[in-house]
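Chemist: Given chain L, put chain A in place with the hints provided.
Protein sequence lines, in the order shown, are assigned to chains L and A. For the first sequence, my numbering begins at 1 and goes up steadily by one. For the second sequence, my numbering begins at 1 and goes up steadily by one.
Everything labelled a hint here was simulated from the structure, so no lab data went into it. Among the clues, some could well be false.
Copies of the same chain are indistinguishable here, so a pair counts whether it falls within one copy or spans any two.
SDA-like mimics (lysine to any residue), calculated; alpha carbons at most 20 Å apart, straight line [what the hints assert, rightly or not]:
(1) 61 x 183
(2) 194 x 298
(3) 8 x 19
(4) 31 x 308
(5) 268 x 49
(6) 59 x 69
(7) 112 x 161
(8) 20 x 211
2 protein chains.
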Amino acid sequence: MDYIAELKDKGAAAKLAARKLSVASADIKDKALAAMADALENFRTDILAANSIDIENGKTKGLSKALIDRLLLNDSRINAMAEGLRQIAALPDPIGEGLGTKRRPNGLEISKVRVPLGVIGIIYEARPNVTVDAVGLCLKSGNAVLLRGGSEAINSNLAIINVITRAAYSAGVADGAIQFIETTDRQAVNAMLKLNEYLDVIIPRGGAGLIKTVVDNSSVPVIETGIGVCHTFVDESADLTMAQAIAYNAKVSRPGVCNAMETLLVHKAVADQFLPGMLKQYHEAGVELRGCPLTVLQHQGVKHATDEDWATEYHDLILAVKVVSDLDEALNHIAKYGTRHSEAIVTKNYDNARRFQQEVDAAAVYVNASTRFTDGFEFGFGAEIGISTQKIHARGPMGLTELTSVKYIISGDGHIRS
Amino acid sequence: MDYIAELKDKGAAAKLAARKLSVASADIKDKALAAMADALENFRTDILAANSIDIENGKTKGLSKALIDRLLLNDSRINAMAEGLRQIAALPDPIGEGLGTKRRPNGLEISKVRVPLGVIGIIYEARPNVTVDAVGLCLKSGNAVLLRGGSEAINSNLAIINVITRAAYSAGVADGAIQFIETTDRQAVNAMLKLNEYLDVIIPRGGAGLIKTVVDNSSVPVIETGIGVCHTFVDESADLTMAQAIAYNAKVSRPGVCNAMETLLVHKAVADQFLPGMLKQYHEAGVELRGCPLTVLQHQGVKHATDEDWATEYHDLILAVKVVSDLDEALNHIAKYGTRHSEAIVTKNYDNARRFQQEVDAAAVYVNASTRFTDGFEFGFGAEIGISTQKIHARGPMGLTELTSVKYIISGDGHIRS
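Just chain L, with the same shape it has in the complex:
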């Protein structure tokens, strides 16, 4: 089947199923999620066999060690995927929630209720666990899903989809609600981005290149996720011991994720006192440092940061460091280079804390805490499909609620408009 036909067929099937899934009870959805979890465990041999083909192909193609690790499935990762589905099943069903009813002066009763988005397109890269996560979250929120995974994981994904769709449909989920694009032709992504007839939204999950392609080319509404050029600003009044712990955690605890810090901003009044110990700790952790002229001048082993450095999400043990004259310079730097993901200030000054929280335009704005907390689990949402860095629809960690829309239900007694 050519990929255009595949996309249209699967899009249409998903849209048809979405109508049924939108009114499915929480009972059916939760039973399906439990059945999918059991199936992943019971058919792990099939999944691992398929995964080993992807791993072999990846090694032949010379994929990096990091990519191979992302691709790899094993018993504990399959257990974690199953556990993830059970956790989603345990969350409250967002659908049908009443968001307020009002009776208008003419007696018309208007209720706002939470409904599914419809059909969600997900475009993602190497990790096969995203397949399970995405299907679980979409299903629980009453949405049909059209998935496009990375070509490196095609065999793993097909095995997983085969196992979980059978389990879901047997448990009563509308046939067709889970669709996976089998062609690995890159053109299929471009065609998917124009599938307005069947898709209500597309959520890209992956690196900056993928996200830019989707944002630039999609005529389907997009929720942009995950690019984080996050800053920590150490203010003049900061508790420097606290600042060191936060700045270390934000960079080093997991440098490959979007809520990790990429640039450290330090007030000039405390730079001499703060930076020597801080940079030493980074050196010891193997962090490569790139600094502003002052930082380079005063500290050994710091390279010159270019303008590009300030705008780069390293995803790695690399950090840009800049000494600033005051809060305003920090705010301006963040406004210019930040990606509106997560930003932190370490301070004891009430006014500065308040200004930072009010004036920084980002999904999550921290006082005296690490940017690493921007995460669905840490925020208490139970699970997330990604971190939105745009302003419309959803911002920050996107849990089940963020995968819904609303509708107005209006009850009258023959009301006509004058």
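Modeler: What follows is chain A alone, placed relative to chain L:
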């Protein structure tokens, strides 16, 4: 100035102003709205003089009478624009509203608060009153705005913008918060759709052609508005007198707006009883009728409806009529041809009312009321920027709240993630 330079300059100025406007108090915004209203009234001579140029140009170009009427300003329309701004000033400020705070087990305090979207791009057609409406709603919700109006209204729009920006800036609104694109080159629209660096969202207001251009080509997030192929389904159990009043109101009271009905669906069991009187009433109101084969066969003066008819928003005194065998056929027809705007059922049957409300996928789903009520004022929002027909961000009438985003403000005491 070439249009690319104009767009970038004005986009950058709007973005800079948006930072200041996002923290402006309600007092300043409301005083500015009042000052803008006064200025419209005080400088009405200038505005009417500019408008008369547009009207003359329009007549020379041979614009239709309807278009000329949309373009025309007079004393009462200027009063209405001023009154609209005063009504917006009287609404509560949505910005800064707390949407819940939680204390996580580790003591981290996470608050969700309402913030402006940032910079809103509005692309619209002939009506100059949209200029005032859009600026008023964006300003009150703390957003900077970049406007692109129709070339026919360019002189009127420039005069209006001149008057209201001076008033707004004198009242303390951040300089640059209101931007209007002066070039009437159509290419400017395409360039605006790629202005991701400065725009947070684009809202098109106009006909189907404009909206399709924006949706198809914008890499800036779009909120799709206003296309309404709305249906009324007269069920077997309907009170036929009520059904006739509702179906007449939905089509005839104002056929040129998006919440007007375009297709009437009638249950076959009541078609013989209902249609003769109904169609007679439409004939008398000058409504052109296009019907399914059965309707054409049984009633005089009804043309054959084509497949295109079922999908057309006539915006006129034209109605498509179809006899259906049951609720399921009505639901399937609406799912196939509806634009998810407003849909109505007239029925006395509880189960059918409930199924219709649950299963129809539309912004507003009515039982025993006219679709004409889908409107910001009728919903009690006080004013609206348009009716969203997409699923993400906002659905149905968009008031001030729908012009906002959220952010998370997190307060810690040195929290780091383990």
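Chemist: Run every hint past the structure and note whether it holds.
Modeler: How the hints compare with the structure:
no.: 1; hint: 61 x 183; verdict: within (19 Å within a copy, 52 Å between copies)
no.: 2; hint: 194 x 298; verdict: neither (53 Å within a copy, 42 Å between copies)
no.: 3; hint: 8 x 19; verdict: within (17 Å within a copy, 43 Å between copies)
no.: 4; hint: 31 x 308; verdict: neither (50 Å within a copy, 43 Å between copies)
no.: 5; hint: 268 x 49; verdict: neither (57 Å within a copy, 57 Å between copies)
no.: 6; hint: 59 x 69; verdict: within (11 Å within a copy, 69 Å between copies)
no.: 7; hint: 112 x 161; verdict: neither (35 Å within a copy, 36 Å between copies)
no.: 8; hint: 20 x 211; verdict: neither (31 Å within a copy, 29 Å between copies)
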